[in-house]
Structures are given as structure tokens and as C-alpha cells.
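Under the working numbering, think of the first position of the sequence shown as 1, with each following residue one higher.
What the hints contain is simulated information worked out from the structure, not anything from laboratory work.
Hints are supplied without guarantee of correctness; some may be wrong.
[Stated by the list, open to error] Taking CB as the label site, the calculated pair distances span: (1) Leu-96 <-> Asn-16: 30 to 36 Å; (2) Asn-50 <-> Leu-146: 40 to 46 Å; (3) Ser-147 <-> Phe-25: 33 to 39 Å; (4) Ala-33 <-> Val-149: 23 to 29 Å; (5) Leu-161 <-> Asp-212: 29 to 35 Å; (6) His-137 <-> Cys-112: 37 to 43 Å; (7) Lys-211 <-> Ile-233: 44 to 50 Å; (8) Val-150 <-> Leu-30: 29 to 35 Å; (9) Gly-22 <-> Ile-154: 41 to 47 Å; (10) Val-48 <-> Trp-141: 42 to 48 Å; (11) Ile-108 <-> Arg-160: 19 to 25 Å; (12) Phe-57 <-> Leu-161: 16 to 22 Å; (13) Phe-57 <-> Gly-213: 19 to 25 Å.
[As the list claims (entries may be wrong)] Here are the simulated DSSO-like pairs of lysine-lysine, each with C-alpha atoms no more than 27 Å apart in a straight line: (14) Lys-27 <-> Lys-121; (15) Lys-121 <-> Lys-163; (16) Lys-26 <-> Lys-163.
Virtual Cβ for every residue (Gly too), placed ideally from N, Cα, C.
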Amino acid sequence: MGKDLPMPTQERFEGNYVQWLGVEFKKINLVAAMIWFFGIGFQTALLVTNPITWQAFVTYLATVVGLGCTVYMMVGAPINGLLGLISVFGFVTVNLFAHHWWSVVDQIIFACAIDIPLMMKWRTWGQDFGAKVRKLHLKGWMVTILSIVVEWGILFQVARLLKDSQPAVDALVLAFGATASILCVMHVSNTYTLWLAEDVVNVLLWFYALKDGYSPAALPMLISTLMYTATAIYGQFFSVWHKAGNANGKIAVEN
């Protein structure tokens with residue numbers, strides 16, 4: 001959830017990791033700041049007006065750090081990596097207690113596809129990026145959609161056997177998320193479209209969790225997923241991946 005592609009830099013950064021984070025933190029714009037600070041305020045209010053348990057604190061940390069990563073990615077600043085792994089740890093914990101087994105797997109896949117590679121290559125992330133980005137055309141979309149449908153059918157049946165709290169919805173989260181992560185590794189700009197779809201499904205997942213009352217983290221997670229959806233919409237139309245994909249529109253991914 002709340003997945004966004006980091007905007008790559010064009011030159012090698014020569015400082016240390018903390019200095020690099022400092023440079024990236026300065027790139028926030030007004031819209032991103034408003035979303036993040038609203039999220040921090042809302043999540044803080046939920047934390048202090050309810051019993052503060054270790055699970056509540058982990059949820060708070062995951063939602064605040066995760067939203068921070070997302071809004072910075074929205075404006076093209078890749079602060080994922082270490083901070084992304086912190087949010088992944090929190091979201092994995094929250095989803096484990098909610099019995100959202102496939103959401104746990106989705107978070108791990110995203111960490112392997114984005115956060116860990118970014119930690120290893122933060123100095124040179126995205127050199128020659130513009131030349132690498134591709135865009136799905138008709139055949140590529142047909143293969144992608146078919147893959148998602150097949151994945152969902154298999155994952156749904158397994159989720160039922162594992163007694164997932166929301167087998168149909170949770171399976172769709174992973175079907176979208178895993179496919180999006182594969183497209184991300186392939187430098188396909190349409191990854192944002194799938195992550196936007198995944199965010200919408202995540203909203204449904206946590207709405208049902210709140211309605212059915214099986215997770216104390218349901219309300220903060222629902223609010224977070226709504227905010228992630230907003231940032232994904234922004235990224236869908238204004239991100240560097242979208243612009244590079246349009247610029248390289250003649251390069252199609254056909255299989």
C-alpha cells in the first residue's frame with residue numbers, strides 16, 4: 001500500500017547517506033507537506049485519544065513514516081530505502097495481526113523490489129533513467145490483466161485455506177501489488193496505474209476491517225490508505241515516470 005516509484009537522480013551523490021536524505025527532504029512542495037502534516041496530525045490524535053499499546057505505536061510509526069515516503073515520492077524525492085523498510089516492518093506487523101496474509105507478502109515484495117535496491121544504489125539511483133522507461137501498449141496490457149486475474153484466482157483459494165480475514169480482497173491486493181513490482185523492475189511507467197488500483201483495493205480491505213471490528217489498527221490504516229490513494233493519483237499524472245513513459249511512448253512492452 002501507499003506504493004510510489006522513487007524519482008531517480010541523474011548524477012552520483014558524493015556525500016553520506018544522512019546528507020543525501022537531507023537533500024531529498026528539502027524537495028517537498030506545499031501539496032505534499034499539507035498531506036503529510038495532515039496525516040501526522042490525524043494519526044497523532046488517534047494515538048493519544050486511545051489506549052497506547054505497542055501495536056498502536058507500531059501502527060502510528062508505520063503510517064507516519066510510510067506516508068512520508070509516499071508524499072516525497074509523489075514529488076520525486078526517493079527517501080525510501082531505510083525509511084521504507086521501517087514502514088514495511090510496521091505494515092507487516094499490522095497485517096499479520098489482522099490476518100491479511102497476502103498483504104504481508106505484498107509488503108515484503110515491495111521492499112525487495114524498491115527499498116533494498118534503493119539502499120544499495122542510492123548514490124546513483126536512476127542514471128540513464130529516461131532511456132530505460134517503457135510503456136505498456138495493448139498486448140502488454142492484455143498480458144498484464146490476464147496475469148492479475150490468474151494470480152487473484154489462485155491466491156483467493158489459498159487465502160481461504162489459510163483463513164485470511166478478507167480472502168477475496170486481500171488476494172486482489174497481492175495480485176495488483178506483485179504485478180506492479182514486476183513492472184517496476186522492468187522500468188514500466190504503468191506501474192503507477194496498478195498501484196493506484198491496489199490502493200483502492202486496500203481502502204476496501206481496511207473499510208471491511210473497521211466494519212467487522214477484527215483489527216484495532218483499522219481506522220488509522222483506512223485513513224492512511226485514503227491518503228496513499230490521493231498521492232497515487234497525483235503520481236499517476238505528474239510523476240517523472242509518467243513523463244518519461246510518455247516521452248518514450250514509442251517503446252512498447254508487448255510481452
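Distance restraint evaluation - Leu-161, Asp-212, Cβ atoms, bounds 29 to 35 Å:
violated, 20 Å
For the range 19 to 25 Å, tell me whether the beta carbons of Phe-57 and Gly-213 fit it or not.
holds, 21 Å
CB of Asn-50 to CB of Leu-146, is that within 40 to 46 Å?
At 44 Å between Cβs, range holds.
Going straight from one Cα to the other, do Lys-121 and Lys-163 come out at no more than 27 Å?
Violated. Lys-121 to Lys-163 sits at ~39 Å, over the 27 Å cutoff.
With respect to the beta-carbon atoms only, verify the hint that Val-48 and Trp-141 lie 42 to 48 Å apart.
holds, 46 Å
Does the hinted range 33 to 39 Å hold for Ser-147 and Phe-25 at CB?
holds, 37 Å
For the pair Val-150 and Leu-30, does the Cβ-Cβ distance stay inside 29 to 35 Å?
violated, 43 Å
May I ask you to test the hint 37 to 43 Å on the CB atoms belonging to His-137 and Cys-112?
violated, 27 Å
For the pair supplied as a hint, Lys-26 and Lys-163, is the alpha-carbon distance within the 27 Å limit?
violated, 45 Å
Honestly, do Ile-108 and Arg-160 meet the 19 to 25 Å range at C-beta?
Holds, since Ile-108 and Arg-160 (Cβ atoms, about 21 Å apart) stay within the stated range.
Range first: 44 to 50 Å. Now tell me if the beta carbons of Lys-211 and Ile-233 are that far apart.
For Lys-211 and Ile-233 the Cβ distance comes to about 24 Å; the hint is violated.
Does the alpha-carbon distance linking Lys-27 and Lys-121 stay inside the 27 Å limit?
holds, 20 Å
Violated hints, listed in ascending order, are 4, 5, 6, 7, 8, 12, 15 and 16; each of the other numbered hints is respected by the structure.
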